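One letter stands for each residue in the lines below.
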Amino acid sequence: MVTVKDYECSFENKWCSGCGNFGILSAMKESLAELEISPDNILLVSGIGQAGKTPHFMKCNMFHSLHGRALTIATGAKLANHNLNIIVNSGDGDCYGEGGNHFINAVRRNIDVTLLVHNNQIYGLTKGQASPTSDQGMKTNLQQNGVISEPFNPVSTALALGCGFVARGFSGNTTQLKKLIKEAVNYRGFSIIDILQPCVSFNKINTYSWYKSKVYDLEDENYSPDSLENAFKISRLWNEKIPTGIIYKEEKLSYTEKIKVLNRHALIENNYNPEKLKEVILNIA
Amino acid sequence: MVTVKDYECSFENKWCSGCGNFGILSAMKESLAELEISPDNILLVSGIGQAGKTPHFMKCNMFHSLHGRALTIATGAKLANHNLNIIVNSGDGDCYGEGGNHFINAVRRNIDVTLLVHNNQIYGLTKGQASPTSDQGMKTNLQQNGVISEPFNPVSTALALGCGFVARGFSGNTTQLKKLIKEAVNYRGFSIIDILQPCVSFNKINTYSWYKSKVYDLEDENYSPDSLENAFKISRLWNEKIPTGIIYKEEKLSYTEKIKVLNRHALIENNYNPEKLKEVILNIA
Amino acid sequence: MTFDISIKIGGEAGQGIQTVGNILTSVFQSAGLYTMAINDFESRVRGGHSFFQIRISDKPVNAPSHKIDILMALNQLTCKYHEKELTKDGIILSDARFFSEKDNIHFIPLTELSAKAGDKITSNTIAVGIILSLTGMPVRLLEDVLKFSFQKKGKDILEKNFKAAELGYDFASKFKYNLNLPADNFDNSRININGSKAIALGALASDCRFASFYPMSPATSVMKNLSAFSKDIPFIVEQAEDEIAAVNNIIGASFAGVRSITSTSGGGFCLMTEGLGLAAITETPVVIINAQRPGPATGLPTRTAQADLQFVIKSSQDDFPRFVFAPGSPEEAFKITQKAFYLSEKYQVPAIILTDQYLNDSLFTIEKGVLTIPENIKSFIIEDKELENPELYKRYKLTKNGISQRVLPCSGKAIVRVTGNEHDESGHISEDAENRNKMVNKRFVKMEGMIQEMSSPETFNKESDILMIGWGSSKYAIKEASDILIESGIDIGYIHFTDLWPFPFDMVTDLIKNKKLIMVEGNRSSQLGLLIMEQTGERFFETVLKYNGRPFYPNEICKQVKKILE
Amino acid sequence: MTFDISIKIGGEAGQGIQTVGNILTSVFQSAGLYTMAINDFESRVRGGHSFFQIRISDKPVNAPSHKIDILMALNQLTCKYHEKELTKDGIILSDARFFSEKDNIHFIPLTELSAKAGDKITSNTIAVGIILSLTGMPVRLLEDVLKFSFQKKGKDILEKNFKAAELGYDFASKFKYNLNLPADNFDNSRININGSKAIALGALASDCRFASFYPMSPATSVMKNLSAFSKDIPFIVEQAEDEIAAVNNIIGASFAGVRSITSTSGGGFCLMTEGLGLAAITETPVVIINAQRPGPATGLPTRTAQADLQFVIKSSQDDFPRFVFAPGSPEEAFKITQKAFYLSEKYQVPAIILTDQYLNDSLFTIEKGVLTIPENIKSFIIEDKELENPELYKRYKLTKNGISQRVLPCSGKAIVRVTGNEHDESGHISEDAENRNKMVNKRFVKMEGMIQEMSSPETFNKESDILMIGWGSSKYAIKEASDILIESGIDIGYIHFTDLWPFPFDMVTDLIKNKKLIMVEGNRSSQLGLLIMEQTGERFFETVLKYNGRPFYPNEICKQVKKILE
Ligand SMILES: Cc1ncc(C[n+]2csc(CCOP(=O)(O)OP(=O)(O)O)c2C)c(N)n1
Ligand SMILES: Cc1ncc(C[n+]2csc(CCOP(=O)(O)OP(=O)(O)O)c2C)c(N)n1
Ligand code: SF4
Ligand code: SF4
Ligand SMILES: [Mg+2]
Ligand SMILES: [Mg+2]
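Chains as they are written, first to last, in my numbering: chain A, 1 to 285; chain B, 286 to 570; chain C, 571 to 1136; chain D, 1137 to 1702.
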């Protein structure tokens, strides 16, 4: 039996106390334990940012990569060995800013990886610049006159791109979050959970209580996440009420399932075959 | 009076004969002439690809930039001088592939630039690899087993990102296309026309007649482009019938209109002011 | 120098170390003293260990000292890490939680005192009060600075802080220890400034009006300064979606006619290298700040390095001319930024300025007079009316010096065509072999003019047989080391490079001929040493290299140089 | 050599020039002749001007010739541009539309003849037939090749092409001109191959199983070859959304345990430089092909250059070890690709291979035997069971040679931690100054082993006082030039570099001591010359530089060398 304790790690946690990331970290550990996945069977991939540090704070295999590039590392690793359980931890800047193009394409590929976006609507590690999800009007040292771009809506965008598993979580509701992570990990294909995560140090607008006063659980409303059009409609809600839970779910073949050579073995499981190669060379003559 | 002839240019056109790009080129010239914009008052910005070459084939100011980066050049130019009339010519690979992240952010900014995507669902200039918009199953030299990613839906995505002017054109219908370009250029904000453009050399699936048999004009159906939800629904149509025309339109403030220092003058129109600078330096002491 | 003391405040991120440090520095400055302060912090927002270190003297000081007179420990790690840096008479001031009984350790009950002051957030002001009292600064000076710092926060906060300052003074007065620094030489011709702000001011003094960037330590601070100024001056700071967008934004803006800048660090510079090539082949002027930090990849994001010199000179595919500069102080940063804008526009080539975390984040006392604002900015842009026949305008007309007339798009009848492909004179794509040769040579011939614009390196005691060579931000650390070495009887000179590319090889060849050279650089492979070898054929040099993310200290340079000379 | 003739087919893009060229080359090969063919085309799909040029001999030929014996002009520009290249007895074969009356111009009515053959698409086969007839090749050989080329298209097409071939032969028989090349020495130990295919085969013979790329000329062809092979072998070629994704995809795949490759050109390489640094600091092996083309920026996308040497050696922020190779032929490409995979994995550092449009797209006749497939691939991956205590596994354990045991994630009990930040032995972030020094030195100490792996440059007549020096794809052009020069009485040697970084400076210093050096390079600044200066302190060299996008021809090297030696 795998327990949360198996995931403990002695490396010092470097987040601010009160940070919303703690809720995500513990929900993740609990989900993995309940899914009976042991630390040596999970690979966490992350980018750079406070969210990107997550893998250091639990015991697991990890690739803490570059700002914006976590999904590209995860894609390569999954193609090489599709038996890996991969979870990507990314920030809103990391995933929707620098990594925007990779986000689009990970969704389009439908690679079987779970993406957890720690969305604090701010650049945390670099000390408080606006992120793609910052609300209009937010002022920072670098946005002296306030943000004037339309905020990036990850849920609407994921739906437009054809994502088969789109959810929103809140780091203040770890019970729900744990459930979502478990479903996402079990989903065969690309699954996204955009997680509302208060940054107590830099985001003085979208605080814990700001979120708390707006979030509601779609399950409580008997919402059924199987209509794309409904999902799109729901995805537009923000200022008054913010829906959380699974917003859209659809079963389809994942990327590696569609690649013929992977049907029998993961790429890494093949053996070097000099005979076959000699044939190839004969053929080109 | 500006005429199409004013836009003629002696530089040899390098496209294949029969290419869908010719329709776009002529619709563009005609629109500009009818809008009474003269060649010395227009700036065409483009990326790299067959679409990217467009500005060479008409008389106009131009910046033929890097693969994927046309929108970033246009954004900089517009911020420096928002009196410029800027049209961006880009390819499906250029704009939705390499330039995916800039596409997202040009929409979010709502910068007053018109984007014409020559969408031939293929990489033309590099001789026929799949593009983000290639239909599933398309085989090429590099996609030996056919495309397996979900095609990028530019219309749905632009809608999800909050674009205020989203249209689809067809290079085989220059009358409609001309109308769309004129409306897009007149729109104050970021306007997109995704233009279906047959590549006679490399795309043997989405041919002229393939498109022809599917496209219909939304105007003919009394479609009204003012509901985001309707627009999203319409944006999902593809395999049976392909809607063209203005899919969504919404008035809102464009990026440069929201920047205070630009209210009176374009950035370029200011004068160097040493007195003000001396004050600044005094203040920091 | 009659005195030269250093104060270090150490603690966790989030404890306000930098605020304490900045206020102290301001007070010493307003007392008429020279200061130099460094800022050491981890890549985290709370916790861990960081410090702020101020050196104070009656004469200019421009490098950090390895010895500390007063160590204020707001966390236990400060004692652990820095106790050994104390001078013989140095003292530690430490907060209750980890007080240990040693003669030179003094307990300062910040929590208790701040409770007295009525608000625990005043504890930093109390700490400041204590240090100022121990150095002999009058409370009045602190009050002025507090007024300036806290006036926006309201009267209540200000009052509490005044009270806190006094409590700190009172408490400290019971110590025997007092450095009694002079406090009455205030000279309003001097200010404290860091490298970031100097670059930002240099940009403004170049009529730069547009910046685009993507946040990245230690480069963001340049943009933060520009943002702050942009409230008073028509200036736009755009936060781009990534560094690729940032560099292309400024290429677009510069093409449209506005002087433009971006600022990034190594990994971001990687992403800009393709745009660098675009600026080069389109001959669009741009200024790029690369604020160095240790790599590879994410490396040590909040620390310092001088390890991108070769990269910025050689990067982007194929050969093309560019300028590369590396200022050694805020004064140089201010001037070089202007020079970069001027030359970039004059030659229509990109200019890169190498700074680093140390220069960007350290405070130096400078003469205000250095920050001279020019009355006019020479522009090299040609207007339509200056053209004989605008209809025949060719953006890339071949000329003897390689520079073609630069007209702005939509500014008149002239049609401006620009492309990142190889092109003919009119700006249209050309694949012709002869045209290609001409265009490559057109771009290259600019190097002849460019190299004339390079200042020769600054030299100190250059007649000596032994020369230290450095570049960029290490200037004053090496200079001070050379002073110390000379004082200790070693005849040694020093050459400081700011203008690095095109490399002024003629001047340099003369300077270094038959000398023993010691390269002092903040990287592992002695990148300037390699460049000198490449450019002059000079073959042998010794090295003093530091690459642990920390700045150079004069004494460690001395030690290593002595070892080399043994 | 009893004969050495060249045939050039020129025409518009889209006219099938490459098909004609490829078929001709195959026939000559099956006649037992040695061939070398280059491929010149514009960045467009239809129209313009392009050509395919084949050199044929009874002895190996490995560089293009500047003289043409038969010029087949499918467009008028071919005559205009290339007539001057004809040998004294050379002839032009030209299509009706632009026939001009000169003695050596022969009208060939392709349209008419193809109508006779029953299909106008056979006109290329007719052209082939004519040339083969004029060179004395039997029709049988052509028929064999046609069978191979057209069999998939069905019997009807095949028949028509047979007929077309015969029509071509018949038509040509009326010319007096006939080169009568021997056609009966077929030797199945030889094949024709270009650089791209050789690299692709080298990757397969290294047990590489994953490639990710973004299309870019002239790099795509390597991936196209891999794609074609991937039908028979478990190999995935992933088309990424951009080059940033491509390089990080292969870092991810290699981290997971599969040998991986990417292929790009300059601008794409720019975008990969940050990933290069990530591979370096995470110590993940990867092989990156940079297929050079002229820049800056988009430059001349379908042409050739050798101008990224300094860039790939110095790029990405901060210092770190890497391998850089540049093969000079398909044989070297095949071997070096294997060496790159082997060394990259052995030392856990990135390896870069510089190729270019010329090498990638040109056909060379090679001995099949050169393409030896190894029976086993040495793997340097450690399995869990080989570890004493997997629980204590540390990915970055400090070792004497800098190489730590590499275990794969999720392959056992060992936990594998990797980060692009500076880290401690266990792979966790560390900002400690001492640890930083250790880790930088750990990575650098590998250089000592790496440099031992470098082959010394290949030399020809190295005792001569005058040495030409080149690298990469220009190998045989320079070699042939040196043969010609020697024959003409000039004593000259040649040094060809393939292993460029770590630079084998010891070997090189010895080779070049007191010699007159002439750098022959495909760039404007003599990048290898600068590298040699940097690494050896050698100061003076002459240069033969070409940067117009076209490959080197032996005779132009001779001419320039003679001018230098005058
Ligand atoms: C190429 C590159 N650009 C910029 C940075 C600097 N950087 C580090 S973290 C970060 C933003 C972090 O914001 P987010 O992704 O939202 O994560 P958070 O810290 O808020 O969790 C940035 C811009 C970098 N490391 N690399
Ligand atoms: C950084 C970079 N990567 C790749 C390329 C090569 N490239 C040139 S055009 C092109 C694709 C063109 O496709 P698309 O944008 O759809 O334009 P089209 O030719 O179809 O109009 C590519 C990949 C490049 N020039 N630069
Ligand atoms: S800065 Fe914000 S996101 Fe980062 S650790 Fe602190 S509270 Fe969390
Ligand atoms: S390749 Fe396709 S897109 Fe390009 S010019 Fe030809 S037909 Fe048009
Ligand atoms: Mg964030
Ligand atoms: Mg396309």
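Read the hints as simulated data drawn from the structure, not as lab findings.
Just so we're clear, the structure is a prediction, and the values are computed from it rather than from any experiment.
Each residue gets a CB set at the ideal place from its N, CA and C atoms; glycine is no exception.
Wrong hints could be hidden among the right ones.
Going by beta-carbon spacing under 10 Å, a handful of chain A positions derived as facing chain D [as the list claims (entries may be wrong)]:
1. Val-4
2. Lys-5
3. Asn-41
4. Pro-55
5. Cys-60
6. Asn-61
7. His-64
8. Ile-73
9. Gly-76
10. Asn-85
11. Asn-105
12. Tyr-187
13. Leu-253
14. Arg-264
15. Ile-268
16. Ile-281
Results of checking the hints against the structure:
1. Checking Val-4 (chain A) against chain D: minimum C-beta separation of about 17 Å lies over 10 Å; hint violated.
2. A least Cβ separation of about 15 Å between Lys-5 (chain A) and chain D goes past the 10 Å threshold, and the interface hint is therefore violated.
3. Interface restraint check: Asn-41 (chain A) against chain D, minimum CB-CB distance 6 Å, threshold 10 Å, status holds.
4. The closest approach between the C-beta of Pro-55 (chain A) and any C-beta of chain D is roughly 8 Å, which is under the 10 Å cut-off, so the hint is satisfied.
5. Hint on Cys-60 (chain A) holds. Least Cβ distance to chain D is approximately 7 Å, under the 10 Å limit.
6. Because the smallest distance between the Cβ of Asn-61 (chain A) and any Cβ of chain D comes to about 4 Å, under 10 Å, the interface hint for this residue holds.
7. At its closest, the beta carbon of His-64 (chain A) sits 4 Å from a beta carbon of chain D; the interface hint therefore holds under the 10 Å criterion.
8. Hint status for Ile-73 (chain A): holds, given a least beta-carbon distance of 4 Å to chain D, under 10 Å.
9. Given hint, Gly-76 (chain A) at the interface with chain D, holds; its Cβ is 3 Å from that chain's nearest Cβ, closer than 10 Å.
10. Restraint check, Asn-85 (chain A) versus chain D: the minimum CB separation of about 8 Å is within 10 Å; hint holds.
11. The criterion of a C-beta within 10 Å of any C-beta in chain D is met by Asn-105 (chain A), whose closest approach is roughly 4 Å, and the hint holds.
12. Look at Tyr-187 (chain A): its Cβ only gets to about 19 Å from chain D, farther than 10 Å, so that hint breaks.
13. The criterion of a C-beta within 10 Å of any C-beta in chain D is not met by Leu-253 (chain A), whose closest approach is roughly 16 Å, and the hint is violated.
14. Annotation: Arg-264 (chain A) was flagged as interfacial toward chain D, and the flag holds, the nearest CB pair being 9 Å apart, inside 10 Å.
15. For Ile-268 (chain A), the shortest C-beta to C-beta distance to chain D is roughly 5 Å, which falls under 10 Å, so the interface hint holds.
16. Proximity of Ile-281 (chain A) to chain D holds as hinted, the smallest CB-CB distance being about 5 Å (cut-off 10 Å).
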